[in-house]
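Residue numbers (this note's numbering), protein chains in the order written: chain L, 1 to 83; chain A, 1 to 83.
A couple of the hints might just be wrong.
No copy labels: a pair is met if it fits in one copy or bridges any two.
Claimed, not checked - No more than 20 Å apart at the CA atoms, straight line, and that leaves these computed lysine to any residue pairs for SDA-like: (1) Lys5 / Ser27; (2) Lys57 / Glu12; (3) Lys57 / Glu24; (4) Lys41 / Pro17; (5) Lys57 / Ser13; (6) Lys11 / Glu80; (7) Lys41 / Gly30; (8) Lys41 / Gly82; (9) Lys11 / Glu51; (10) Lys57 / Pro17; (11) Lys48 / Val34; (12) Lys5 / Leu52; (13) Lys11 / Ser27; (14) Lys11 / Asn46; (15) Lys5 / Leu78; (16) Lys11 / Arg28.
Calculated from the structure, these hints are not laboratory results.
Protein chains: 2
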Amino acid sequence: MYNVKVYVTYKESVLDPQGQAVNEAISRLGFSGVSDVRVGKYFVMNIKATELEINRKVDDICDQLLANPNMEHYRYELEELGE
Amino acid sequence: MYNVKVYVTYKESVLDPQGQAVNEAISRLGFSGVSDVRVGKYFVMNIKATELEINRKVDDICDQLLANPNMEHYRYELEELGE
């Protein structure tokens with residue numbers, strides 16, 4: 001069993017209006033020196049798989065559901081949990 | 001200058017319907033052994049601050065904007081960038 005953390009963000013080439021909106025809101029709150037804000041999705045889940053299967057399984061779940069391959073890219077972290 | 005990654009998720013006590021919906025979608029795609037899916041927000045930004053200021057600045061930005069203290073908790077990672 002693995003604890004899997006997936007981070008999905010827009011590709012650099014894709015405009016991130018939500019990130020811009022957050023950046024402006026941060027400035028309006030009076031915080032200076034904050035730039036290049038990008039907003040993404042974060043998924044945490046447990047997955048039962050062998051060491052050989054886990055990467056392929058996570059990639060398939062990301063490619064088929066969690067990330068839009070046209071606009072987004074993803075990375076993930078695996079933490080092995082006991083059985 | 002720091003590159004800051006912020007992860008915002010619901011507190012354990014809070015129902016996560018979006019996480020349940022993703023869990024069901026993953027099962028419908030034919031993936032077995034996936035459980036406890038939780039969905040959160042992920043922010044990446046650059047922040048100009050000294051070593052002494054940076055933690056307090058990120059905490060304030062999270063407390064005042066990025067995370068709803070009633071329902072969510074957050075964690076973050078700092079990476080020091082050159083000037």
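Going through the hints against the structure:
For the homomeric pair Lys5 and Ser27, the shortest alpha-carbon distance between copies (18 Å) is at most 20 Å, but the shortest distance inside one copy (30 Å) is not. For the homomeric pair Lys57 and Glu12, neither the shortest alpha-carbon distance inside one copy (26 Å) nor that between copies (26 Å) is at most 20 Å. Within a single copy, Lys57 and Glu24 get their C-alpha atoms only as close as 38 Å, which misses the 20 Å cut-off; across copies the closest is 16 Å, which meets it. Taking identical chains as interchangeable, the C-alpha atoms of Lys41 and Pro17 lie at most 20 Å apart whether they share a chain (15 Å) or sit on different chains (15 Å).
Taking CA atoms no more than 20 Å apart as the test, Lys57 paired with Ser13 passes in neither setting, with 27 Å inside one copy and 29 Å between copies. Proximity of Lys11 to Glu80 under the C-alpha cut-off of 20 Å is found in neither arrangement, the shortest distances being 29 Å within a copy and 23 Å between copies. Taking the shortest Cα distances, Lys41 and Gly30 never come within 20 Å of each other, neither inside one copy (26 Å) nor across copies (22 Å). Within a single copy, Lys41 and Gly82 get their C-alpha atoms no closer than 27 Å, and across copies no closer than 27 Å, so neither meets the 20 Å cut-off.
When the C-alpha separation of Lys11 and Glu51 is checked against a cutoff of 20 Å, the pair qualifies neither within a copy, at 29 Å, nor between copies, at 30 Å. In this assembly of identical chains, Lys57 and Pro17 lie within 20 Å of each other by CA distance neither inside one copy nor across copies; the values are 31 Å within and 23 Å between. Taking the closest pair of Cα atoms, Lys48 and Val34 come within 20 Å of each other only across two copies (6 Å); inside a single copy the shortest separation is 40 Å, beyond that limit. Proximity of Lys5 and Leu52 under a CA criterion of 20 Å is satisfied intra-copy only: 18 Å inside one chain copy versus 29 Å between copies.
When the C-alpha separation of Lys11 and Ser27 is checked against a cutoff of 20 Å, the pair qualifies neither within a copy, at 24 Å, nor between copies, at 27 Å. Taking CA atoms no more than 20 Å apart as the test, Lys11 paired with Asn46 passes between copies only; the shortest distance there is 17 Å, against 26 Å inside one copy. For the identical chains of this complex, Lys5 and Leu78 are neighbours both inside a copy (7 Å) and across copies (18 Å), given an alpha-carbon limit of 20 Å. Neither within a single protomer nor between protomers do Lys11 and Arg28 lie at most 20 Å apart by alpha-carbon distance, with minima of 27 Å and 27 Å respectively.
The structure fails hints 2, 5, 6, 7, 8, 9, 10, 13 and 16 (numbered hints given earlier, in ascending order).
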